[in-house]
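Novice: Take the given structure of chain A and dock chains L, Y and X with the ligands to it, following the hints.
Chain residues, written in single-letter form:
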Amino acid sequence: MDQATPRTFKAKDFASDQDVRWCPGCGDYAILSAVHKALAIQGIAPESIAFVSGIGCSSRFPYYMSTYGFHTIHGRAPAVATGLKIGRPDLQVWLVTGDGDALSIGGNHLIHVLRRNVDIKILLFNNRIYGLTKGQYSPTSEFGKKTKSTPLGSVDHPFSPLVVGLGAEATFLARAIDVDAPVLGEVLAATAAHQGSAYVEILQNCNIFNDGAWDTLSAKESRADALLHLRHGQPMVFGRARDKGIVLRGLRPEVVTLGEGGLSEADCWVHDAHDPDPTRAFILARMWAPALPVPVGVLRAVQRPCYDAAVNAQVATARATPGDLHKLLVGRKNWTVS
Amino acid sequence: MDQATPRTFKAKDFASDQDVRWCPGCGDYAILSAVHKALAIQGIAPESIAFVSGIGCSSRFPYYMSTYGFHTIHGRAPAVATGLKIGRPDLQVWLVTGDGDALSIGGNHLIHVLRRNVDIKILLFNNRIYGLTKGQYSPTSEFGKKTKSTPLGSVDHPFSPLVVGLGAEATFLARAIDVDAPVLGEVLAATAAHQGSAYVEILQNCNIFNDGAWDTLSAKESRADALLHLRHGQPMVFGRARDKGIVLRGLRPEVVTLGEGGLSEADCWVHDAHDPDPTRAFILARMWAPALPVPVGVLRAVQRPCYDAAVNAQVATARATPGDLHKLLVGRKNWTVS
Amino acid sequence: MSMGESTAPVRRRETLESVVVRFAGDSGDGMQLAGSQMTLASVLAGNDVATFPDFPAEIRAPAGTLAGVSGFQLHFASDEVFTPGDAVDALVAMNPAALAKNIKSLRKSGLLIVNRDAFTARGLKMAGYAENPLQDGSLAEYQLFEVDLSRLCRDALADTELGSKEVERSKNYFALGLMCWLYERQLEVVEEEIAARFQGKPHLLDANLAVLRGGWAYGENSELFRIRFAVPPAPAGAPGIYRNITGNEAVALGLIAASVQAGRDIFFGSYPITPASDVLHALAGQKSFGVRTFQAEDEIAAVCAALGAAWGGQLAVTCTSGPGMALKQEAIGLAVMTELPLVILDVQRGGPSTGLPTKTEQADLLQAIWGRNSESPVAVVAPRSPSDAFDATYEAVQVALRHMMPVIILSDGAIANGAEPWRVPDPAQLAPITAPELATAEGLGEKGFLPYSRDPLTLARPWARLGTPGLQHRIGGLEKSEGTGHISYDSDNHHNMVVLRQRRIDNIANFLPGCDVTGDRQGDVLVVSWGSTYGACLTAVRRAQRAGKRVSHVHLRWLNPLPSDLGELLESFRTVLVPEMNLGQLYKVLRAAYDFRGHSYTRVAGMPLRVQELEAEIEALLPS
Amino acid sequence: MSMGESTAPVRRRETLESVVVRFAGDSGDGMQLAGSQMTLASVLAGNDVATFPDFPAEIRAPAGTLAGVSGFQLHFASDEVFTPGDAVDALVAMNPAALAKNIKSLRKSGLLIVNRDAFTARGLKMAGYAENPLQDGSLAEYQLFEVDLSRLCRDALADTELGSKEVERSKNYFALGLMCWLYERQLEVVEEEIAARFQGKPHLLDANLAVLRGGWAYGENSELFRIRFAVPPAPAGAPGIYRNITGNEAVALGLIAASVQAGRDIFFGSYPITPASDVLHALAGQKSFGVRTFQAEDEIAAVCAALGAAWGGQLAVTCTSGPGMALKQEAIGLAVMTELPLVILDVQRGGPSTGLPTKTEQADLLQAIWGRNSESPVAVVAPRSPSDAFDATYEAVQVALRHMMPVIILSDGAIANGAEPWRVPDPAQLAPITAPELATAEGLGEKGFLPYSRDPLTLARPWARLGTPGLQHRIGGLEKSEGTGHISYDSDNHHNMVVLRQRRIDNIANFLPGCDVTGDRQGDVLVVSWGSTYGACLTAVRRAQRAGKRVSHVHLRWLNPLPSDLGELLESFRTVLVPEMNLGQLYKVLRAAYDFRGHSYTRVAGMPLRVQELEAEIEALLPS
Ligand SMILES: Cc1ncc(C[n+]2csc(CCOP(=O)(O)OP(=O)(O)O)c2C)c(N)n1
Ligand SMILES: Cc1ncc(C[n+]2csc(CCOP(=O)(O)OP(=O)(O)O)c2C)c(N)n1
Ligand code: SF4
Ligand code: SF4
Ligand SMILES: [Mg+2]
Ligand SMILES: [Mg+2]
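Protein chains in written order, with the working numbering: chain A, 5 to 342; chain L, 5 to 342; chain Y, 46 to 669; chain X, 46 to 669.
Please note: incorrect hints may appear among the correct ones.
[What the hints assert, rightly or not] Label-pair ranges, simulated between beta-carbon atoms:
(1) L/Ala185 <-> A/Gly216: 54 to 60 angstroms
(2) A/Gly216 <-> L/Asp94: 39 to 45 angstroms
(3) Y/Glu191 <-> L/Trp339: 32 to 38 angstroms
(4) X/Asp471 <-> Y/Thr620: 53 to 59 angstroms
(5) X/Leu475 <-> A/Arg11: 40 to 46 angstroms
(6) L/Ala320 <-> Y/Ser617: 27 to 33 angstroms
(7) L/Gly237 <-> Y/Lys246: 44 to 50 angstroms
Quick caveat, the hints were computed from the structure, so don't treat them as lab data.
Note that the Cβ used here is the ideal one computed from N, Cα and C, for glycine as well.
Excised from the complex, chain A in its bound form (with noise of 0.2 angstroms):
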């Protein structure tokens, strides 16, 4: 490899030889597809690049980059990408998880890894049901819902993934859904480029056994409606003639129709993905369909010391002066007999 050259890639560079063995129609082969065009634009090359993952349908992404790649164990692929990333800082380290991988078993190393603002990029793919197992419900499907494990529904309240995120003082949050090629790419650009744990839901359609999951949101004819693009500095305008609106009523968003009462773009809530306070991302992680348009892109993105970052800069500054081992070996207090 000639380091002088400076590398393009394209998107196939990022894709490995291994069939690819998900359900034919599964929401994962378009995030797959975007990851590697996220991946080809941002010009990293793959064997610079680590997917690390946990056990789920969702979890086999990393069998299908030709970068380095670590199937794991349920649940525990934060705390294997944290290991790795201390270790090797150089690498930039991909997180690929399932909403019962990352929010079930998984669900401390996830607040862990996201508190320690570890730098690992973290892809949950929330399809809101487990895939790999055969159809039991997952903490973040509907309360009520029947499964397999929940004949009569299921009783209990999900979580919100992102909402867990803010628990776990998480400096970068998005979302985006598998059919919205844009958003997610533009989301994958940004999750590629932030400092931090970079924690994205990924609304994603199993095909299998929760058919539909998202469908108000994915649908072409309502999704303009249903969904809201958050955008950095730019008024929350939704709709597909871009004539709805967000304004914040006290501490509740509340849809508004511009033009209507007088009220147009100027009268929105500003998205401030910046703001180093993280209300603002709570209420947005909050809004929820059918009240209100579910946000997508990036919800949040501060900046905040990275834990990997900073034990290295520990080290570095410890090995300024190297350590002498004989001289620890012998220790403080030690005789010697000749």
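Specialist: Chains L, Y and X with the ligands only, in chain A's frame:
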């Protein structure tokens, strides 16, 4: 026991005969005595109450109660308590845990019990340190803290226990400090009364490994200025002279001096613990010294169906037609050999 | 229309003792359905059966790939059947990948029925065939029948409105109809199943019935088959009601039966994992029996919640497979220390680590017996077959409650998904289940309630009903004083408690029957088995016995403790053979406990052991 | 002032070969400090030493209670010392509780020094004494010395400004001064320690020095003691620099030495747990060696992070005790499957469950060897003493890196906190550590990089440096094809891989020395030990040998695999004795592997085995 006579209780009726083995001066003593008192006032008999704990100094708690008690394993008390409560909704279940037990190893069980809103009263003793293992930093220790395991200072951004709770959809959040018996008593009474997961952070001093962690909040002189005692329906006023108040500017709480600039109590933010929208509680939970007073009392108390009750309701409904074992065993398809 | 009776001119009809058929096709092809319905038809025809479903690990690997092949093997016979069969007599291959993956299992001269329509250039390529095996002579040693299955389905449904996808999806019923014709199985029962399945969807109902009958008619009318087979009913077993049952179903029923008998509601804490999840699914629907299922956030929460429920007085159960079992071990140690009854089901699968999730294995034995920190002994029982899982589960509950302790049930993938006929027990005849319940404080001595006092016979401590005044007590994972249960750091007490906990396990043997030996209690070779290798071992031993060899078989249901007369038995044979689907785990346990000469036969291939391999092993050990 | 030389009239002076002293007092009384400083003084006096600290489980149980008693036992001698000693020659009891709890360990006629001031009515009651044992004659069989320790300290500090709490807190130094006088230890070294400890606090420094010297002077001047003891230096060991070291320190140093040698930075993922946390503490301060310590959210995260770091090329280590070990097992299985080097330190403690956190035990052996789902073999090594923990750790790293696999180190509470002299190795003489590194894609064959290709000798797969172009690969917990490492569901491949993983372990034996036997390689009794029972076993065997018995000793450092010549050795003795602090775990492993006659001697009391018990056991097995 004569069930006819209504029983009344004294604090000591809730104390066991075991020697209390915390370090002399430990904040746990004050909490223990406050709990004894609160239970006596509540008036539920010791035999109808179960205390479950994990591992840590704090988790020794059940031994000192005359109720039923289960000292489980590190981090798992929420799970044990969930199973107990589902099977035995007639018992009042309390859980005692530490900042390490609840938020480090037990973080996942904690957020899941809160999400499910299992009817359990959770007391988290936050001393910002691992006491039992002799002084390592915990997930609530401040950034930069020097401990046995972080001689150069920790580089972990801490959790706020109550913010984590909000991320997990908690229905009841409260805070108190070990040395302030009246607020602690009030909070425990509200905790006992709440239906659903009641989650309480108790700031506790570990005088051996993290002495003085809460000094600015606990010192008699500064307490009134450093703490904001929340009362539902009341404006947020504090200070030794009750001359300070909180106003909400946009999404940001600010301290104002009453009397200055024409501001009076009436201008202050009014506490609404029952707001179904958790945004207020999120703002309150993030208020922290020294910029803002630290809220104590009940931050949030809203109703949502309890998981345990819902499970039992499904069972009760199904049981209206009790299962027929013979029918179940022979199944739908069978044949007879005679 | 009953198609059980054929009207066409009768072909050569051969009567067989035993037949093994295998359906193989794409995961989307409905092979599991075809297989299990032929199973049902066979048991209703009076045959004894055993089955072996063989799933792919992917949910739905791309159609036509080797990774997507799903198989279902059925063994039915006029005699008792203990295994799904070594070699297949008739293989149905719905596409080239299914052929490629399964042809090895077909015996020489076996029947090979392929769906020729699927042998397109693309299909062949996906299966890795350079040449079309239907044409290159590579299948010459089998009896090949090429059937245009897809086209025949289309023809059968020409008059309907069905889309081509739905037509294609019905072809499993065509294959099933054909096989039923070939082996003279009645169609009625399949028809009933189809009727139940497509209730409310009359167009699909009619279509699938038409295809099924089309398959039958094709066998009957085409000139392809010059032979049909009859497999007469097996001699009637013990009188009673019979049904077909999988191991996972049997566990669920065993638990419910035990719950009813013990008068304790089930608390079932579980986290989904292949191949154990179906037990959760089965129990989730049984709320009318008071069953509370809890899908926990992970395996640790599942077992901990169950332990909390056990303390509260429920019949507490948790269920998982290998990796989840590893996660539960710390909490199982707490169950050992707190002496609470808890049933832990481990449906073993291929490993290590994530391993081969859909394949079977019996390599969690040492993990079950010894896989915890410190001396933390736990009772272990293993079912030997799908139907036996009912009894093993029932016994596990009995022991857990009687002795106040955790009990591990080691099932495996083959038992979990395999099916066989089961004589349904009469609820009134179920064995008693008792527990050291304590629901009042009356009659306690001066010292009040002693949570670690013991029943001298069972060594169980009392199970105080929470909520009872005067029985308040505190338990936990720290070492405790015998009697009071208070925390104790005393050296002698610790040693005594460690020894006592082991004694509690050993003591169970006093409540269990001795070894049940097939054959003499002395001889040349004793075959020792546990778990799902039962059938293969028994069959192999019986064959050797019929050949006049001095070979016996003992199957161990309880692995911890071992039967009290086992040591003597082992020493009564010239040699001992222990066949296992692991690297000799039971063999190690036996060696550690007894003095005997023996051999460990191991094969860890994700599949049941074959009778033939075992016969060869036995043969090699016999004096020549 | 040097107080090493006494000026007072010389009393009777007795020379002893070996002395065992024990300091016992409240947790707040500084007994660990007194004990370890006397240890230091003893090693600097040229004695060989071994220590046994005995902590209470509570941080600081209320002063004066039995639960709060903290003890420190020191054995120093003119000969080699292998154990902290069975019976105590001199006991210092700072209060009634300390007396009550420790008097059993004092030998008849032993010296008993008590702080009379603490024998108040309240103190006696808290210790459970109805009568004052100093007065009721119950201590008649010991040589009782009553010292008004508290008052004497007050007197010594009368001139200072110190508060009464601080005065009271200094009394451990008085006791230490007295003991140093009694056994002729130099005070200089203790004085230096005090100087270091109270740097920047001159008033405390002066006070504690005064009290220390006061203790010495009290011995010298009071009429109490009519005798002093000398314990001459042990024969000089091998030349070199020596230091005193605990097992936990030795592990930390072993890791750093191996890291320097291997040229790989340490990643240490851990979650605090007694008695393992001190390794984390020790390493957290060693960032100048490139050590990255990660206090994870739990044990699972700790091991997983380490595994991630191992993949990234670090020298990855995780560290815990029993309950945490149980939690790590699923992830260790992933390390087995992915064949990554990983060092797992388990500092065993009393169990099961939370058990006895501050007590020692060696009952995680079976958990280490077999405690995972499926066939998941892991190499296991155990240090035999505090200083040996350096070598065992170093070897563990060697094997992990050379063979690309996880290696478990089984230390225990006695080793972790016990201390002994250690000859410091010369960094230049450390054994080489190599790993199958791969940092360029040059020279790869046509098939490109094969992550599961193997070194024929070590059976290690290559350790590709992440970031290298052309070496991209994907690993995971699913079964993989030999060579490519691609996911494989193939039956034969699975069987072969299961066997291969076992072979990888067995193969290590080819790189290890055979059994190192103390005594003849045949005889009447072979004592087999592992871990911290080494010293007791060796001492007992040596005594028997001196008495002319045909007894030998073999100590196993590697428990998995076992040395290749062990089977033969076991069969060369009339019988074999395997003493363990568990219920016979190594004994089971040996029985499962070899044919021999043997006896398991077990005592699980949270304390090291006693030489005397072992002597009796050996005696009983000898032909009479
Ligand atoms: C320790 C352990 N427990 C359980 C499982 C079984 N398991 C595999 S994936 C999965 C959940 C998958 O759901 P999700 O994370 O939402 O991923 P999806 O398949 O929907 O993409 C479960 C329960 C396992 N492999 N390991
Ligand atoms: C599985 C396991 N890991 C680790 C430990 C050791 N341990 C016991 S308590 C504790 C932390 C205690 O901290 P916290 O929960 O804050 O309680 P505190 O002692 O401060 O009240 C740890 C790490 C354990 N007992 N079990
Ligand atoms: S089961 Fe669902 S999530 Fe999994 S591959 Fe199939 S469609 Fe996708
Ligand atoms: S160590 Fe700290 S938290 Fe624990 S008992 Fe002592 S003072 Fe309390
Ligand atoms: Mg999912
Ligand atoms: Mg704490």
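Novice: What are the numbers of the hints that this structure violates, sorted from low to high?
Specialist: 6, 7
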